[in-house]
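Spelled out, the chains give:
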Amino acid sequence: MAQRLTSAFLNWREHITAASKSSNFETTGMISPEEFVLAGDYLVTKFPTWSWECGDRIRGFLPKDKQYLVTRHVLSVPREINVDVNGDWVDVETEDSKFKPSGMDDNSSVSSIHSEQSGSLLQETSYDAPKNSKDASNVPDSEGLPLQDEEEDDLQMVPVSVPRNEARRYDLYIVYDKYYRTPRLFLRGWNAGGQLLSMKDIYADVSGEHAGKTVTMEPFPHYHSHNTMASVHPCKHASVLLKLIKQHRERNEPIRVDQYMVLFLKFVSTMLPYFEIDYTMQA
Amino acid sequence: METLIGRTLQFQSFHSSVDAIFWHQLSNHKVEQQKLDASPVAIHGRFNAYSRSAISIVFGKASENSTIKECIAEGTLINANTQQEFVEADVKKLRESMGKKLLESIEMDTVAEKPNELIQFLLFSYADIKSYRYHYWCLFPSLKNTPFWIVKSSHPAESVIPSNVVLPKILDFLKTSDYTQRPFFIVTKDLKAQWVVLPLKELPRCISDKLDFFIFAEDSFQLQEYPSWPTRNLLAYLSIKHHLEKTKIIIFRDGITSNNLSRSVFLDLVSRKSQDSSKQLSTVGWERNGMGQLGPKVVNLSSLIDPVLLSESAS
Numbered sequence: 001m002a003q004r005l006t007s008a009f010l011n012w013r014e015h016i017t018a019a020s021k022s023s024n025f026e027t028t029g030m031i032s033p034e035e036f037v038l039a040g041d042y043l044v045t046k047f048p049t050w051s052w053e054c055g056d057r058i059r060g061f062l063p064k065d066k067q068y069l070v071t072r073h074v075l076s077v078p079r080e081i082n083v084d085v086n087g088d089w090v091d092v093e094t095e096d097s098k099f100k101p102s103g104m105d106d107n108s109s110v111s112s113i114h115s116e117q118s119g120s121l122l123q124e125t126s127y128d129a130p131k132n133s134k135d136a137s138n139v140p141d142s143e144g145l146p147l148q149d150e151e152e153d154d155l156q157m158v159p160v161s162v163p164r165n166e167a168r169r170y171d172l173y174i175v176y177d178k179y180y181r182t183p184r185l186f187l188r189g190w191n192a193g194g195q196l197l198s199m200k201d202i203y204a205d206v207s208g209e210h211a212g213k214t215v216t217m218e219p220f221p222h223y224h225s226h227n228t229m230a231s232v233h234p235c236k237h238a239s240v241l242l243k244l245i246k247q248h249r250e251r252n253e254p255i256r257v258d259q260y261m262v263l264f265l266k267f268v269s270t271m272l273p274y275f276e277i278d279y280t281m282q283a
Numbered sequence: 001m002e003t004l005i006g007r008t009l010q011f012q013s014f015h016s017s018v019d020a021i022f023w024h025q026l027s028n029h030k031v032e033q034q035k036l037d038a039s040p041v042a043i044h045g046r047f048n049a050y051s052r053s054a055i056s057i058v059f060g061k062a063s064e065n066s067t068i069k070e071c072i073a074e075g076t077l078i079n080a081n082t083q084q085e086f087v088e089a090d091v092k093k094l095r096e097s098m099g100k101k102l103l104e105s106i107e108m109d110t111v112a113e114k115p116n117e118l119i120q121f122l123l124f125s126y127a128d129i130k131s132y133r134y135h136y137w138c139l140f141p142s143l144k145n146t147p148f149w150i151v152k153s154s155h156p157a158e159s160v161i162p163s164n165v166v167l168p169k170i171l172d173f174l175k176t177s178d179y180t181q182r183p184f185f186i187v188t189k190d191l192k193a194q195w196v197v198l199p200l201k202e203l204p205r206c207i208s209d210k211l212d213f214f215i216f217a218e219d220s221f222q223l224q225e226y227p228s229w230p231t232r233n234l235l236a237y238l239s240i241k242h243h244l245e246k247t248k249i250i251i252f253r254d255g256i257t258s259n260n261l262s263r264s265v266f267l268d269l270v271s272r273k274s275q276d277s278s279k280q281l282s283t284v285g286w287e288r289n290g291m292g293q294l295g296p297k298v299v300n301l302s303s304l305i306d307p308v309l310l311s312e313s314a315s
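So the sequences go chain by chain: A and B. Residue 251 in this note's numbering is what sits at position 251 of the first sequence, and the numbering runs on without skipping anything. Residue 165 in this note's numbering is what sits at position 165 of the second sequence, and the numbering runs on without skipping anything.
Since the hints were made in silico from the structure, they are not lab data. Ideal Cβ positions, reconstructed from N, Cα and C, are used throughout, including at glycine. Among the hints, erroneous ones may be present.
[Unchecked claim] Stretches of chain B that chain A covers, calculated by requiring three or more beta carbons in the stretch to come under 8 angstroms of a beta carbon on chain A:
(1) 18-32
(2) 283-293
[Unchecked claim] Take a look, some chain A residues computed to stay more than 10 angstroms from chain B by CB distance:
(3) G208
(4) E250
(5) V257
[Unchecked claim] Pairwise CB distance ranges, derived in the manner of DEER restraints:
(6) A:K266 <-> B:K152: 44 to 50 angstroms
(7) A:S239 <-> B:W195: 47 to 53 angstroms
(8) B:K246 <-> A:P254: 52 to 58 angstroms
(9) B:N81 <-> A:T27: 57 to 63 angstroms
(10) A:E150 <-> B:E107: 17 to 23 angstroms
(11) B:D178 <-> A:D153: 35 to 41 angstroms
My request is simple: use the sequences and hints to build the entire structure.
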């Protein structure tokens, strides 16, 4: 209930915040909805992996067909992280309470809320996983299925290797945050087996200083239904972007407002260091 | 792909990416409309050259003005009423019925009007709504025991197609035709030696006029060396319906708004009856789970959508 009230409050706060019309992104690091559309248009033109979408809850201050930006299946590449074997996704069918990836043990008060929340996003990778939950115990082993032979002697299919340490894939969404007047990133991830990642899994792909602090589970604003997703809280976005804008100006490579989203992606890539995000300005 | 020359072409399977919003919409549908009626529901999947052989599954029919950046596969959702129904379902029968549908599309040649019928798929699920657990299994059907295709030669697509001329024409073609015309279409030179982009239904004319044509198959790939599921079904169509024994394919891996064909590959293919071709056609295509095995997956979304858990976590 508290979550709903908070969401309601945030919606209301956003509702009463008038959308800014004047352009002052160079001095504030913030952009107006019109500039969000402009910068988004530049992004989808220059980077073919991004496109506009509309969701089912239309926010009136943005054009109907340009509500938010999305890119799908961005790889987060395998990396050396000091998470022990149990923290890897292949073992996610174990109860979350049984293990904690290192670095997650001493949660700050902020992150503990969200790691508890994520704790129940349990992803069983397969039916023949150890039977540790009551309603998964009466489903068959895949070996018992009548399909195995027929599908396995299919000579035209590339033999399947178990994607143990393979990269995860993410869908990234950029929405406009009317209160902070900046873009805001939402992300949804899948492991190599196509299973949705839990919040805890996602933390492993986020740089240490952001995991559990600025990255939290939030309702995605472009759907009516209560669809929560990991999101980077935008409270620091404007100041960071302003710094980046100044740096570019000092290097005599001033940023145009339509390039703002590319700059935003550059910033995002520092928080998501393992993601293959393209933000090359010359594109 | 040079390493493939002289070898039998193999294909990589697709993976499904099912978003939490899909399960939420399925729950609403189940409670408000479906109730105990288990009739199939229309869904669709989206992919493009950059999606690494993953297909994003979306609830409901594709909208007419779907984004041009993506290919759309039409799918069927069968949602079992009970866990028992799900567990005891004859998955082999389900698979063969989808294979039969695919074969019918090929033999009746509804593919000519709607090329994306070659990439129809099935999602079989059981939604345990009270506990927010969703059991599911995707089928991307292909036909087994069709003739094999041997790679005669393979080159970068740019060596056979002038991308600066052809890419704008492809973009125009896709802008003016509906999404069912993807991911397969024809690129050839007309009688005036001008490059043109034609819908797949012009294939019989291209064959009878003995045109030098290329069939484009938009390809989402993960492994550089192999084309994926859509191309496999296109080649089955060329064998079964058009009895082609050789063909020129462009594995189209550059986005349609790209300005070159640097990622795309030209394949010159000849078919060879497989040892299995005396056998009857059958179907393959159940997606493997995270362990690489044939079996359904289950996802638990309680922390995302259970109001009780949400309120606990927020308090």
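Tested hints:
1. Three residues within the 8 angstroms Cβ limit are the bar, and the region 18-32 of chain B against chain A gives 7, so the coverage statement holds.
2. Coverage of the region 283-293 of chain B by chain A holds [criterion: at least 3 residues with CB-CB distance below 8 angstroms; count 10].
3. A cut-off of 10 angstroms between C-beta atoms confirms that A:G208 is not in contact with chain B; the least separation is 22 angstroms.
4. Listed as outside the interface, A:E250 is consistent with that label: its C-beta sits roughly 32 angstroms from the nearest C-beta of chain B, beyond the 10 angstroms cut-off.
5. In this structure A:V257 is separated from chain B by more than 10 angstroms, as the shortest Cβ-Cβ distance comes to about 22 angstroms.
6. In this structure, A:K266 and B:K152 meet the distance hint of 44 to 50 angstroms, their C-beta atoms being roughly 45 angstroms apart.
7. In this structure the hint that A:S239 and B:W195 lie 47 to 53 angstroms apart at CB holds, the actual value being about 52 angstroms.
8. A hinted range of 52 to 58 angstroms for the beta carbons of B:K246 and A:P254 is consistent with their spacing of about 56 angstroms.
9. Taking 57 to 63 angstroms as the suggested C-beta distance range, the pair B:N81 and A:T27 conforms, at roughly 60 angstroms.
10. Restraint check, A:E150 to B:E107: a C-beta distance of roughly 22 angstroms satisfies the suggested window 17 to 23 angstroms.
11. In this structure the hint that B:D178 and A:D153 lie 35 to 41 angstroms apart at CB holds, the actual value being about 38 angstroms.
Checked against the numbered hints given earlier, this structure breaks none of them.
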